[in-house]
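S.K.: Chain residues, written in single-letter form:
Protein chains: 4
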Amino acid sequence: MARHIYSCPLRWSDMDAFGHVNNVVFLRYLEEARIDFMFRLAPGDGSPSFSGGSVVARHEIDYVRPLVHRHAPVTIESWVTKMTAASLTIAYEVKDPEQVYVRASTVVVPYDLAAGRPRRITAEEKLFLQEYLDQEPAVA
Amino acid sequence: MARHIYSCPLRWSDMDAFGHVNNVVFLRYLEEARIDFMFRLAPGDGSPSFSGGSVVARHEIDYVRPLVHRHAPVTIESWVTKMTAASLTIAYEVKDPEQVYVRASTVVVPYDLAAGRPRRITAEEKLFLQEYLDQEPAVA
Amino acid sequence: MARHIYSCPLRWSDMDAFGHVNNVVFLRYLEEARIDFMFRLAPGDGSPSFSGGSVVARHEIDYVRPLVHRHAPVTIESWVTKMTAASLTIAYEVKDPEQVYVRASTVVVPYDLAAGRPRRITAEEKLFLQEYLDQEPAVA
Amino acid sequence: MARHIYSCPLRWSDMDAFGHVNNVVFLRYLEEARIDFMFRLAPGDGSPSFSGGSVVARHEIDYVRPLVHRHAPVTIESWVTKMTAASLTIAYEVKDPEQVYVRASTVVVPYDLAAGRPRRITAEEKLFLQEYLDQEPAVA
Chain A
1 MARHIYSCPL
11 RWSDMDAFGH
21 VNNVVFLRYL
31 EEARIDFMFR
41 LAPGDGSPSF
51 SGGSVVARHE
61 IDYVRPLVHR
71 HAPVTIESWV
81 TKMTAASLTI
91 AYEVKDPEQV
101 YVRASTVVVP
111 YDLAAGRPRR
121 ITAEEKLFLQ
131 EYLDQEPAVA
Chain B
1001 MARHIYSCPL
1011 RWSDMDAFGH
1021 VNNVVFLRYL
1031 EEARIDFMFR
1041 LAPGDGSPSF
1051 SGGSVVARHE
1061 IDYVRPLVHR
1071 HAPVTIESWV
1081 TKMTAASLTI
1091 AYEVKDPEQV
1101 YVRASTVVVP
1111 YDLAAGRPRR
1121 ITAEEKLFLQ
1131 EYLDQEPAVA
Chain C
2001 MARHIYSCPL
2011 RWSDMDAFGH
2021 VNNVVFLRYL
2031 EEARIDFMFR
2041 LAPGDGSPSF
2051 SGGSVVARHE
2061 IDYVRPLVHR
2071 HAPVTIESWV
2081 TKMTAASLTI
2091 AYEVKDPEQV
2101 YVRASTVVVP
2111 YDLAAGRPRR
2121 ITAEEKLFLQ
2131 EYLDQEPAVA
Chain D
3001 MARHIYSCPL
3011 RWSDMDAFGH
3021 VNNVVFLRYL
3031 EEARIDFMFR
3041 LAPGDGSPSF
3051 SGGSVVARHE
3061 IDYVRPLVHR
3071 HAPVTIESWV
3081 TKMTAASLTI
3091 AYEVKDPEQV
3101 YVRASTVVVP
3111 YDLAAGRPRR
3121 ITAEEKLFLQ
3131 EYLDQEPAVA
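Chains as they are written, first to last, in the working numbering: chain A, 1 to 140; chain B, 1001 to 1140; chain C, 2001 to 2140; chain D, 3001 to 3140.
Label-pair restraints from in silico Cβ distances:
no. : chain 1 : residue 1 : chain 2 : residue 2 : range
1   : C       : 2133      : B       : 1071      : 19 to 29 Å
2   : C       : 2123      : D       : 3007      : 45 to 55 Å
3   : C       : 2077      : A       : 126       : 51 to 61 Å
Which residues of chain D face chain B? A partial, calculated answer using Cβ under 7 Å:
no. : residue
4   : 3015
5   : 3017
6   : 3019
Beyond 12 Å from chain B on every Cβ pair, some chain D residues (computed):
no. : residue
7   : 3006
8   : 3036
9   : 3053
10  : 3077
11  : 3097
12  : 3103
13  : 3127
Just so you know, the hints here were simulated from the structure itself, not pulled from any lab data.
Just so it is clear, CB atoms sit at the ideal spot from N, CA and C, and this is done for glycine as well.
Whole structure, please, built from the sequences with the hints as guidance.
M.R.: Dropping the structure here:
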């Protein structure tokens, strides 16, 4: 049960007027981690892929503690909690060695951009995703 | 059972490289609606208020259909689905007269910035919020 | 010598950790004003237009005084300070009835997206832009 | 004549609907480089510093060629082109080993946050900045 690890750099402008990383910006961090994760699913033969086309259907996100801008990146661990024929649920933890800042999950639907509609997860994709499958959710 | 109505202007830059309003940006729209809603809760006597200090504890957001930038604003309807001694759940629908784009909910915790800790909802706030209480969630 | 008037709504998140509208965000405001201005140049017959394709070649921007988030929009006045065969210089003032916050100018190059290269300003576009031509720069 | 080197990670969301890093986002990159540069000026004894308080008075920015999102960061070289008693002009080049994307400059005014007004550059700051002084502008 592997986990995808993404080292996410912060920007000073991620903070809002309260001096903390704004709650919305964490979704940006998850997007970066997800793109990095999905990119490894790209078949490389031009066929539809998660990296080329996928749609976010749902997010759940729990804010555990505030984060202030600093030079060190945060770590985002991602894994797969659920796979159906045509959707994927990714769980995440945003953390550093000391503590967890955010727990979240996203339902992603693979999309065939050319055909303009959702598509099924391919056998090849399933094989790759299986490695990251762990039904324990990040959001308790 | 009143609903708070916020008319939310879009920006061209809200679109991502796929040419749709990016999923993260909808959380920005909800933030604007929430600030507009909470602002009416400000007591005006300098005592702690939702507008002055509150923390987002959790979001749930369902993307119903894609939205493309246009000059007309979208409408955000907000109401209260749950009130506890020290937290508030707000539900939202992002829509226009034709259709719904997003359904979401946020758990907000009022915060005493001076004391640096969460605080209880005051009787005065409860009175105001009661008007918007409707236990039907936006997220089905 | 007409001026294009754009009423620009602020967002709470436009403020940075210092509690002022961040200097970078003003460029966003100018983008919104420029898109609104250029949109009126769209020929409506599918031929290349400023709204459909144009590239920013240069910005100059002077920050006159800080701006704090508030519910009232700011006004952006735009006009044309220079027209060459293949570029346009737009000047702007970001202000409200009391004061000026920012003065700026942008060099815009019309672009033929299909051909993938800059193009000349058409006679029809010149006619429209002439009305807004005023060589007085916003940046003193 | 040293130059400050900042390795700037891109985010997928830095691209706009045209599929290029948006012109406004480059100013964000410059902000990150500038904060990293100024941070080294912090005296560490709690006295006012560029990192703690400074105001952007002016930007000039030339877009040389478009940039598309990729995993490798871009490099931002910064140096000082002008120093007066109470302001500093920083020049930048945003580039990778193959080419230059943006040339820009910013006038920064050190600010005493406690006193609420601009302040003079200290002798200690001058000494540090002198090393980076090179009057050749980035903007040709």
